[in-house]
Every structure is written in structure tokens, then in C-alpha cells.
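Asks: If you want the building blocks of each chain, they are given just below.
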Amino acid sequence: SQKIEQNSEALNIQEGKTATLTCNYTNYSPAYLQWYRQDPGRGPVFLLLIRENEKEKRKERLKVTFDTTLKQSLFHITASQPADSATYLCANRGSTLGRLYFGRGTQLTVWP
Amino acid sequence: DAGVIQSPRHEVTEMGQEVTLRCKPISGHNSLFWYRQTMMRGLELLIYFNNNVPIDDSGMPEDRFSAKMPNASFSTLKIQPSEPRDSAVYFCASQEPGTAGANVLTFGAGSRLTVL
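So the sequence lines, in the order shown, correspond to chains A and B.
Take 21 as the starting number for the first sequence in the numbering used here and just add one per residue.
Take 1130 as the starting number for the second sequence in the numbering used here and just add one per residue.
Quick caveat, the hints were computed from the structure, so don't treat them as lab data.
Model, not experiment: these values are computed from the prediction.
Be careful, since some hints might not be right.
Stated by the list, open to error - Cut-off 20 Å, straight-line C-alpha distance, at most; resulting in silico cross-link-like pairs (SDA-like, lysine to any residue): (1) A/K23 - B/G1188; (2) A/K75 - A/T89; (3) A/K75 - A/T46; (4) A/K23 - B/P1183; (5) A/K23 - B/K1207; (6) B/K1207 - B/V1233; (7) A/K83 - B/M1189; (8) B/K1153 - A/V65; (9) A/K79 - A/T46; (10) A/K23 - B/G1171; (11) A/K23 - B/P1190; (12) B/K1153 - A/K75; (13) B/K1207 - B/A1231; (14) A/K79 - B/T1235; (15) A/K23 - B/M1189; (16) A/K91 - A/T40; (17) A/K83 - A/G36; (18) B/K1207 - B/R1241; (19) A/K77 - B/P1190.
What the hints assert, rightly or not - If you want a taste of the chain B side facing chain A, the calculated C-beta under 10 Å gives, among others: (20) S1160; (21) D1185; (22) T1235.
To be verified - Sample of chain A residues with no beta-carbon within 10 Å of chain B, all distances over it, derived: (23) Y48; (24) R78; (25) P132.
Yeah, the Cβ is synthetic: ideal placement off N, Cα and C, and Gly gets one too.
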């Protein structure tokens, strides 16, 4: 089965800095990788999807990169704000269509 | 659209009791997923349906768990009998047709289950 690793359980940064979160996967090389945001007491919310033929994807202050050689995705939040504080999950599909595997998440805290 | 609707939001029950969690997916979405989230194991896929048919239930822990989707607008996840180790947040998620290749999911707010 697919294994997703987010190697930081928690990340604390100062407002205005760039937050960088890492997601590594093993086994099956996915056609795409997704990032979700989860706030306490709520379900994950989809943020971005990047396909294997895309090196980089941007959405406002968010940037995602995908390196299929390293089997790694990096998720960046530029000019971070306290409102960006949340848990961020990466996910990708294994070899079985329909199954989406999630990492454990990285809890980001942005302090003023 | 009200999004994916789950009920109850919180449930506290005693070991051995039956628990039924409910989900109403987004209208028009043809795939529905049940996930369980714990601190130890993160988000785990339990089962998913496509066009009301169970496709993959390999994540269902054991026979105490069962899920049904009698129609396109309703699904249940039942635990009978419940055990303390079933305590977790259970999420339902739906996916719109035509996006199977990308698996983008819309989650409900979750049902927090505590089994004493």
C-alpha cells in the first residue's frame, strides 16, 4: 500500500515568514499529489492538486512543488499569517483507483 | 450547497452499544467515502462507494463495522457492538463525477465518537 510521510508533526514560524512543509511518499509513484487544510473540529478542506508532469503549482500565497525523482512534495505558504495556523495534510492515490492515502499532517502555528 | 452533512456531531456511548453514523453527500456527487481519524493512525479509509455500490471495504476493521448506501443521498456507518478502541472522529467525504482520476474530496465536519 502507499505510505505518506510528513516529517514534521509541528512547525512554528513568525508572521510574515515563509512556511515550508514536506511530504514524502513510498512505493507507488502517484499521478498527482494533493494538499488539504484541517482546522480543529472540522474536516479537511482541499487546497491544491499537482500532477506528476507539473513541477510547480501556485494559488495566491500557496505554492506546491512535486519531485517524482525524490518522491517528495513541498508546500509553501509565503507571507504567513496567524490565520494560516492549521494542520496541513498531503494525500495521494495508491495503485488502486479510488483510494486516497493521507499523511498524518503537520500542525502549523504562525505567531504574531 | 450545504456541503457534506454528518450526524451526530458528537456521540458518547457505552461499550457494547450499537452506534449509527449518518452522512448526506453533496447532491450530484457519485462517490462517497468513510474515513476514521485518530491521533495514533491519522486518517484511514474505511470504505468507499461509487454509484451507491461498495467498491473497496478493505479498510473496515472487522465484522463489527458495516456500511450501507441505500440511495445517492444517504449513507450509514454502523458499529455493533462498539468498543472503547473505536473512539475516533469519523468523516464522510464525497467526490463529484468526472474527477475520479484526481480524487478531490469534500469532507463533512465529522462525527466524534467516544465509547466508554
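Asks: Decide if the proposed pair is consistent with the structure: A/K23 and B/G1188, CA atoms, cutoff 20 Å inclusive.
Replies: holds (15 Å)
Asks: So if I understand the rule, the pair passes when the alpha-carbon distance is 20 Å or less; does B/K1153 with A/K75 pass?
Replies: violated (37 Å)
Asks: Checking one constraint from the list: CA of A/K79 to CA of B/T1235, max 20 Å. Satisfied?
Replies: holds (19 Å)
Asks: Take a quick look at whether B/K1207 and B/A1231 sit within 20 Å of each other, Cα to Cα.
Replies: violated (29 Å)
Asks: Given the hinted pair A/K23 and B/P1190, is their Cα-Cα distance within 20 Å?
Replies: holds (19 Å)
Asks: Mind checking the alpha carbons of A/K83 and B/M1189 for me, to see if they're no more than 20 Å apart?
Replies: Cα-Cα ~35 Å, so violated.
Asks: Can you confirm whether the C-alpha distance between A/K23 and B/M1189 stays at or below 20 Å?
Replies: Cα-Cα ~18 Å, so holds.
Asks: Beyond 10 Å from chain B, beta-carbon-wise, is A/R78?
Replies: holds (18 Å)
Asks: Would the hint linking B/K1153 and A/V65 be met if the CA-CA limit is 20 Å?
Replies: At roughly 17 Å apart (the allowed maximum being 20 Å), A/V65 and B/K1153 satisfy the hint.
Asks: Keeping to a limit of 20 Å between CA atoms, is the pair of A/K23 and B/P1183 held or broken?
Replies: Not satisfied, since the Cα-Cα distance of roughly 23 Å exceeds 20 Å.
Asks: Checking one constraint from the list: CA of A/K75 to CA of A/T46, max 20 Å. Satisfied?
Replies: holds (19 Å)
Asks: Has the given pair, A/K23 with B/G1171, been kept, meaning a C-alpha gap of at most 20 Å?
Replies: Between A/K23 and B/G1171 the Cα gap is close to 12 Å, so the pair holds against 20 Å.
Comparing the model with each earlier hint shows violations of hints 4, 5, 6, 7, 9, 12, 13 and 19; every other hint is respected.
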